[in-house]
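Spelled out, the chains give:
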Amino acid sequence: MKRDREFNSGFDILLFLLTLAILAFGIVAIYSATYGNTGGTEYYMKQLIFAIAGVIMVIGISYIPPRYIAVTSYYMYGFGILLLIAVLLFGKTINGNKSWFYIGGFGIQPSEFAKLATLLAVSHFLNHGDEKKDVNNIKVLIKTALFIAVPAVLIKLQHDTGTMIVFLSMMIPILWASGLNTFFLFGIITPVLSVILGFLNPIFFYVGLLIVIIALIFFKRNLFASIAVFAINLAAGMSVQFLFSRLAQYQQDRINAVFNPELDPLRSGYNVIQSKVAIGSGGLYGKGYLQGSQTQLKFIPEQWTDFIFCMIGEEFGYIGAMILITLYVMLILKVFFNGLNSKNSYMSLVTIGIGGLLLFHLSINIGMTIGVMPVIGIPLPMVSYGVSSLLSFLAMIGFALNTYRHRNTYV
Amino acid sequence: MYFIYSSPEPNQHKRYIKLSELAKKYTVVIIVLAVFISLGIRLYDLQIKSQSEYGMKSEKNSIRKIIESPPRGLMYDRNGVLLVDNEPSYVLTIIPKKFDRNNLPEIATLIEESPEDIAAMLDEQTGTNRFNPLRIKRDISFKVVSFIEENRDRLIGVDYQVESMRKYRSSIRGSHIFGYTREISQTQLSRDTGGYYQQGDVVGQTALEKFYEVKLRGNKGVKLASVDVNGKILGPYNDEKNDIKAINGADLHLTIDVELQGYAERLLGGRRGAIVAVDPRNGEVLCLVSKPDFDLSLFTGAGKNKELSQVFSDPNNPLFNRVIQTRYPPGSTWKMMMGAAGVGSGKITTTSTIACGGSYTFGNRTFGDHGAYGNISLARALEVSANVFFYKLGVMVGIDDYNKFGKEFGFGLKTGIDLPNETKGLLPSREYFDKVYGEGEWGQGLLVSLGIGQGELGVSPIQLVCYTAAIAMDGMYHQPHLVRKIKNPTNNFEETPDYYKRQINLPKTLFETLRRGMYLVVNGGGTAKNIRSSQYVLAGKTGTAQTTKANNHSWFVGFAPYNDPQIAVCVLGENQGWGNEFAAPLAAAIMIRYLSNNSSDVYEEMKNGEVVPD
Chain A
7 MKRDREFNSG
17 FDILLFLLTL
27 AILAFGIVAI
37 YSATYGNTGG
47 TEYYMKQLIF
57 AIAGVIMVIG
67 ISYIPPRYIA
77 VTSYYMYGFG
87 ILLLIAVLLF
97 GKTINGNKSW
107 FYIGGFGIQP
117 SEFAKLATLL
127 AVSHFLNHGD
137 EKKDVNNIKV
147 LIKTALFIAV
157 PAVLIKLQHD
167 TGTMIVFLSM
177 MIPILWASGL
187 NTFFLFGIIT
197 PVLSVILGFL
207 NPIFFYVGLL
217 IVIIALIFFK
227 RNLFASIAVF
237 AINLAAGMSV
247 QFLFSRLAQY
257 QQDRINAVFN
267 PELDPLRSGY
277 NVIQSKVAIG
287 SGGLYGKGYL
297 QGSQTQLKFI
307 PEQWTDFIFC
317 MIGEEFGYIG
327 AMILITLYVM
337 LILKVFFNGL
347 NSKNSYMSLV
357 TIGIGGLLLF
367 HLSINIGMTI
377 GVMPVIGIPL
387 PMVSYGVSSL
397 LSFLAMIGFA
407 LNTYRHRNTY
417 V
Chain B
27 MYFIYSSPEP
37 NQHKRYIKLS
47 ELAKKYTVVI
57 IVLAVFISLG
67 IRLYDLQIKS
77 QSEYGMKSEK
87 NSIRKIIESP
97 PRGLMYDRNG
107 VLLVDNEPSY
117 VLTIIPKKFD
127 RNNLPEIATL
137 IEESPEDIAA
147 MLDEQTGTNR
157 FNPLRIKRDI
167 SFKVVSFIEE
177 NRDRLIGVDY
187 QVESMRKYRS
197 SIRGSHIFGY
207 TREISQTQLS
217 RDTGGYYQQG
227 DVVGQTALEK
237 FYEVKLRGNK
247 GVKLASVDVN
257 GKILGPYNDE
267 KNDIKAINGA
277 DLHLTIDVEL
287 QGYAERLLGG
297 RRGAIVAVDP
307 RNGEVLCLVS
317 KPDFDLSLFT
327 GAGKNKELSQ
337 VFSDPNNPLF
347 NRVIQTRYPP
357 GSTWKMMMGA
367 AGVGSGKITT
377 TSTIACGGSY
387 TFGNRTFGDH
397 GAYGNISLAR
407 ALEVSANVFF
417 YKLGVMVGID
427 DYNKFGKEFG
437 FGLKTGIDLP
447 NETKGLLPSR
457 EYFDKVYGEG
467 EWGQGLLVSL
477 GIGQGELGVS
487 PIQLVCYTAA
497 IAMDGMYHQP
507 HLVRKIKNPT
517 NNFEETPDYY
527 KRQINLPKTL
537 FETLRRGMYL
547 VVNGGGTAKN
557 IRSSQYVLAG
567 KTGTAQTTKA
577 NNHSWFVGFA
587 PYNDPQIAVC
597 VLGENQGWGN
607 EFAAPLAAAI
617 MIRYLSNNSS
627 DVYEEMKNGE
637 VVPD
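Chain order of the listed sequences is A and B. FYI, in this note's numbering the residues of the first sequence are 7 to 417. FYI, in this note's numbering the residues of the second sequence are 27 to 640.
Please keep in mind that the hints were generated in silico from the structure rather than gathered at the bench. Owing to the predicted nature of the structure, the values given are computational and were not obtained by experimental measurement. No residue lacks a Cβ here, since even glycine has one placed at the ideal position from N, Cα and C. Misleading hints may appear alongside valid ones.
Computed footprint of chain A on chain B, listed as stretches where at least three residues anywhere in the stretch have a Cβ under 8 Å from a Cβ of chain A [to be verified]:
id, segment
1, 55 to 61
2, 72 to 81
The list that follows gives simulated cross-link-like pairs (lysine-lysine, PhoX-like), each with its CA atoms no further than 25 Å apart [to be verified]:
id, chain 1, residue 1, chain 2, residue 2
3, B, K440, B, K450
4, B, K51, A, K349
5, B, K50, A, K349
Required output: the full structure, derived from the provided sequences and hints.
Dropping the structure here:
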């Protein structure tokens, strides 16, 4: 009896069931998106087999004592970097990204492994030693940034911009969770926004700048720091137009198409236009399973990977899409809460990072299929086809389960 | 938040932690809910508010890429006569998703196919493919087309497409020159790493159609069309501004002389063998015949399955190109080669003599001859085809020089003719014999037979004709070829392929002696006096490849005119007896026909000579 109680109290059954539900959604969606492909059955069968293997892995990971994870994290990080270098040298190029290894018919993306390893290692770094490192110390902050920058640059060299952005975005929740003060966070996030605003419309940019000034007044930091943040924002927003005009026409076209897909209906914009039509035509109830004309006529190339959400929107409609999003939101909140409720400061950091990653993937991926986010090729967690990303996300769930199990264990 | 670590008082510390954790939780909940709500609102806009707009778009206004296959390039003979053309043909198509099965029997009767077969083809299609027109039958008649047109409303999902089909314009067969085209096979499709081909594409499978596939096929275009939910085309997309135009295939201008080719095909008739003639001055192939051959038009259109399977199962293998793929011992046509090896290796000169009794004994074996000629030199030995001369020469030259000079004349190597699947033949070497018999396990005796072109030696007619041409041209060896020019009429892009030529490094007097010998074969007291012509001075050499089971293979190589060679020819007759009996008259007729500008037919008068062994 006692053992059972312990099991129940150690096993995050809610998170586990949410994961299974999302996985099932994914396999059903892949089946439809690849229906009628030559060798189409392979995709969903592969995904199913690896989902089962992954779920077993998830349970396994949840039992590992956190200190072991912390201790091995640097080695995993080192191994991840080696893999990234190896794939640059010997990898196979798919769709312009040189980020794949081919082993026995399986494409393996080392960047997925590196993502996880970096998260574990950075968390360990910030949590290392007798006293925890203060991220508000500029040296610690720079070291943290370097930890993330090395794999990010290697991934950029593979032309995999999407995954690189994911890496950079990973910094924010971790730094936030490890106590970076809001002013620093503000200083990191606002220049990025200024660049985007400055590109879209100068008026947006000036409005944004005004908000920055007001916020800076409220922060009541010293004058020098406030002016520095303001100056960075100003420079970022002002220079973007200038730099943009220096780019070659085709590069400008590509960037423009990110924000306005209709400008390039046959290349980068094509997917977004078709994807919006697919989702929009789904209506409230959807067209029915295997009945979506956009999906079944394969208007979107390789829809079973990054654009899998169109199939859900088209064939399951608004109700189906919102059920999936609700499942995700519950899952992500549960992950965050596991992190925030844990007394184990290492696992807490790791898990908050995972929550951030999942949220980022969810919003960017669905956002790009409905035309509100730029098209950067990142998958919908546990739903998009792809063995590497599936296993990587499932491992993350494993760590979140682990955090729950060890929530009362101090390091 | 960050000041939790620096809090001075323990109690306060605890309070701060609680507060900040709560704050973090609120932050997380707010951010996650913000994402949830904004996605929810945006999806609501898209799916509920704009549903009718996007629903219409998905019904009516989707872009679809339509691949346009350009017509294949044509083929012309050396004088611009059209040989291989295209003609439109109609293919009956059915869209499985839309097709009403009640119409199946009617369609089956219409195209004379069994309803079960058609049903099986339709059932094979799954998923997306069910929305695409499936090709049911090629080359349907115009009557069927008009029936479909008239009953369009009733026969939903039934349609036809126009595609281009090969049409052979001339009276020649050219089976082994042009080759045939066929729908791409699954294996070929899987080997297409460039991703150019799709199911249903027609590709060159043999001969020139295969060798020049990339030139002939052109480049597919992409047309963008607005299509409805059933894949039906509503009109061009964006005024065709984004379309990629198809580029027509380029035409091949061949070196073949259509008159000569037709003549050679008729001469060989139903007998198994090969005729190939080249212009020795540049390597242009004038005619190329391999018999038995097959009717290329069997491969176009429909309803010829029975005849086709006959072609594939014929034991005489009509698909086999004897000009470039057989390897038989060359027999006495090899003797010039031996003369060249003897002089080249310094074992003899062009005037030194060898004693030719009636036979030659090497070790304990005696090799016979058809006469005793006394002490004779190379030219005379060629004239009478004296075996003993070349037995001895074979042993003198030895295997290493045998191989070395054989290669000089292109034996044991591909000539590089622009046709696929050429054989290298077999030119023995020291390594070869060591491998076959074991090192030191074979004797010089092998060289006795090799000296007269028998034994473990295999050559193809194309190798022999190039060798003959090189002798005619003082040792200038030209790469044989069938295409002189590739020209694309749509963009006027013209390309003249580069072919190699090389000088065989042997003295000019040697080539003069070899030609003299070949002259005497026909015009002296030689083995082919039966083809002596009053019109043109011919030169050549007969040969007979011994076979153990059946009648010997008959060879002849020759060139003409003797003083100004314009054509070199090689004739092979499988199991047709002595060289002068079968091959020589054919070769002579070809040469004279060509030199007289395709007007003379001297074959009948030449073929009645006496049978002379060579």
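ask   = So which of the earlier hints does this model not fit?
value = none
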